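4 protein chains.
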Amino acid sequence: MAGKLCVPAMNVNDSVTKQKFDNLYCCRESILDGLKRTTDVMFGGKQVVVCGYGEVGKGCCAALKALGAIVYITEIDPICALQACMDGFRVVKLNEVIRQVDVVITCTGNKNVVTREHLDRMKNSCIVCNMGHSNTEIDVTSLRTPELTWERVRSQVDHVIWPDGKRVVLLAEGRLLNLSCSTVPTFVLSITATTQALALIELYNAPEGRYKQDVYLLPKKMDEYVASLHLPSFDAHLTELTDDQAKYLGLNKNGPFKPNYYR
Amino acid sequence: MAGKLCVPAMNVNDSVTKQKFDNLYCCRESILDGLKRTTDVMFGGKQVVVCGYGEVGKGCCAALKALGAIVYITEIDPICALQACMDGFRVVKLNEVIRQVDVVITCTGNKNVVTREHLDRMKNSCIVCNMGHSNTEIDVTSLRTPELTWERVRSQVDHVIWPDGKRVVLLAEGRLLNLSCSTVPTFVLSITATTQALALIELYNAPEGRYKQDVYLLPKKMDEYVASLHLPSFDAHLTELTDDQAKYLGLNKNGPFKPNYYR
Amino acid sequence: MAGKLCVPAMNVNDSVTKQKFDNLYCCRESILDGLKRTTDVMFGGKQVVVCGYGEVGKGCCAALKALGAIVYITEIDPICALQACMDGFRVVKLNEVIRQVDVVITCTGNKNVVTREHLDRMKNSCIVCNMGHSNTEIDVTSLRTPELTWERVRSQVDHVIWPDGKRVVLLAEGRLLNLSCSTVPTFVLSITATTQALALIELYNAPEGRYKQDVYLLPKKMDEYVASLHLPSFDAHLTELTDDQAKYLGLNKNGPFKPNYYR
Amino acid sequence: MAGKLCVPAMNVNDSVTKQKFDNLYCCRESILDGLKRTTDVMFGGKQVVVCGYGEVGKGCCAALKALGAIVYITEIDPICALQACMDGFRVVKLNEVIRQVDVVITCTGNKNVVTREHLDRMKNSCIVCNMGHSNTEIDVTSLRTPELTWERVRSQVDHVIWPDGKRVVLLAEGRLLNLSCSTVPTFVLSITATTQALALIELYNAPEGRYKQDVYLLPKKMDEYVASLHLPSFDAHLTELTDDQAKYLGLNKNGPFKPNYYR
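Going line by line, the protein sequences match chains A, B, C and D. Everything in the first sequence is counted per full-length UniProt numbering, starting at 1 for the first residue and increasing by one. Everything in the second sequence is counted per full-length UniProt numbering, starting at 1 for the first residue and increasing by one. Everything in the third sequence is counted per full-length UniProt numbering, starting at 1 for the first residue and increasing by one. Everything in the fourth sequence is counted per full-length UniProt numbering, starting at 1 for the first residue and increasing by one.
Because the hints were derived from the structure by calculation, they are not lab data. Misleading hints may appear alongside valid ones.
What the hints assert, rightly or not - DSS-like mimics (lysine-lysine), calculated; alpha carbons at most 25 Å apart, straight line:
1. Lys93/A - Lys93/C
2. Lys247/A - Lys220/A
3. Lys111/A - Lys20/B
4. Lys93/B - Lys166/B
5. Lys253/C - Lys93/D
6. Lys253/D - Lys111/C
7. Lys65/A - Lys65/C
8. Lys20/B - Lys65/C
9. Lys111/B - Lys258/A
10. Lys93/C - Lys220/D
11. Lys258/B - Lys93/A
12. Lys65/B - Lys65/A
13. Lys20/B - Lys258/A
14. Lys221/B - Lys247/B
15. Lys111/A - Lys111/B
16. Lys258/A - Lys220/A
Just so you know, these numbers come straight off a predicted model, no measurement behind them.
Model the full structure from these sequences, guided by the hints.
See the structure below:
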């Protein structure tokens, strides 16, 4: 029946390892890679506005700041906005900076974050791209009007040209830059695939009754197991709790080491 | 009766703003401040081991790395260990680096993380301090033995001297460095106090029956309210959702903007 | 006779090790230390303008950026200004940001960089300090007028109070913050003292005629020697050129490895 | 006649803007770009050794550190080695880390920095590339022996396979990675081309006798002029000296602002 689960399901997307690797750490690298491969832009000194300071936005901003870009943030959530402040970014409304920025990046999970009005006000050669959830963050449809000319300059790169000659550089027609114009490192794929495989194994092996027709978070211990399988690549050496320490902390020596909601 | 709550309680400690500000952002500054005020140590080029890569450890490591220290991490939790790897830190067992490091910092919430055996193996002039939860992280008691001489060189700074002349520089007798040897910025106090005040107001104003004799997390919306009250200090400008966007995201335009477990 | 050297002199101030350590690396730490000890200010999210992007300015800016401050630069030299751009800082005139910043830091070697007019326009609680060459960079004299009240709030910290109640926080009466309100690490002193001692030894031992009544730069090889003496503190291991490599590079295996003007 | 200049020449290569842009700032970006385009490697957590800590090495290291790599340095010059220490890098001999690193990068200007012996000891999948001056830094010739198999896996990427199956990933056959596998931003080209054009104009316009048949450094003032022409791209606003300040500093208000040797 529509809208009703027939079997138990595991929400692997919200596991910590999946979240941090696919989002924070992977995007920190793929924003640079995607922009370089498509536009050869130099990051040093560029003014960039990043819409959204969740995990993806945090990753993009850290990388761009490190390479000498000046980054502005837009946010709707005061907690994320305050984090942006503490990390050294000005929190602005898009309109305040849209005329001056060299690059606009969306990472919101929202729609119509960059509107035709914003696009009209961008300066010549402004690069616009999306690292968020789908091709709705930038209102690309609004650019399909007769007075604007589209020119495909290379794969995944369109120049949208205004009547006065101004060009906006649109990447991947507003689809996800990290999927369209960058590659996903095998290391990240390995973490994601391991998480999915473990979830399936757990569902298959679980005694009857443990999971009902509902959506479950991956048990913390399995999340930790995924991480521990990937530590040897980094020659990382975990410390073991002594019996005495485990007792003091009220933990099992083999984990889980944190509550389920820990991020 | 012992062990039983007579009134409802609010766990303000686990609210996001409290966690991030008192831990991550505040410790990022107070580790530098505490070490400078007590020892005048230069951070550039120093080898430092930080035990524990939770919020406090992440803050300490970010600051020390930024100022040119070489930082090693010890961890028991594979997820935090993997985060340390991705942030550019070697994850080691304490014994692997204890002979070579210039500074040892504990941020674990655990006890006896630095033992007498470790202290015996440290090099001359090694600085030892605690940013974690109490004075049990470093086994200071083990240093109160006849063969070791204690010399108070200034307030909060003891030299513990081995028979061969080796000195270990112990700060605040293993108590919290950030409380003993640094100051807490008024900004952080304001966030913490606001959170506590809002929790009390909520408990006082809540209609009968909303809270029972149990411990509650601060509602997400209040956490967001605390953050929003502090944004003007940074001249930060929040973006408002349009009706259409709020509907698309399934959110109220005034928040809460994230699930309760979001960190 | 006035203005005439009677003996040879060595300009140790312009040796590389002296310049980089006393200026870039030392100031990177002492700006944080000096501000914390005097004002307990939190750096995260603060807007700071740094006047001058030479070695001292570069050090100050790197540290402040790393701790989450938003930093603006003023410069007179287009080369330094371009470097500031590439390092991710907005280059502005002081007037453009003076109303909005939380901290003003001078590192110019110039005089009257911060004038009474600037001071009049600062916002309440703005912190003003000098990391440059002397107490002339901030026009402190202009604040000694009857309508302004001075209040000493602690050692090295004055509140200058305008008739409308606005307070500017002046540190060390405009003298050098790093000397007045911070300490100089022994490591930096050691480098400076070694450089001076070697210069004296060189002058004393030099065969007659090598040095005339003039000012000389420390020979590059001695500069390198000062550095090599300090490498063991960091357990740093130098690589030696093979004979073949030395020949290829046209260098003596024992240095000097760079031309005199290399920085 | 061989070895004798027939006309005056300008050494544009050693001008500040050329040096910093082509080397430090450009390489900071192209090391990431070159490695991504050829190998899709994830930088987070990777162990990297960079041979040489001059301008190119400094740029490479800053970028890799910022993206979470653990970077080791080899150096022959104690001054550069000490700078590496202060910037937070372990200075080692190549042999100390060659078995453990994931990436080897040469930036020395020297030859045979990575020898067959080093290549024999690298671990499986180690990436080797050159950002220095020519294809002699890695002894690629030593890999053309019968027991090793070369496999071209994509353009600019060879797997060199040892009899036991170990593969070393050699990029651009040891030629310059930044030229072979990355692109040069137009901004950097503009700076270089402007410097060259100005040098030619100066030589052409100079009154007879100003330049003889020798090699000259670009006058500082022209170097500053190149920089000033590029500031508007960043919307950077220079501050002008007042007459009084220029007199105090002993400078012309229009520059040059620094001595010729300033870097």
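- Could you tell me which of the hints above the structure violates, numbers in ascending order? 3, 15
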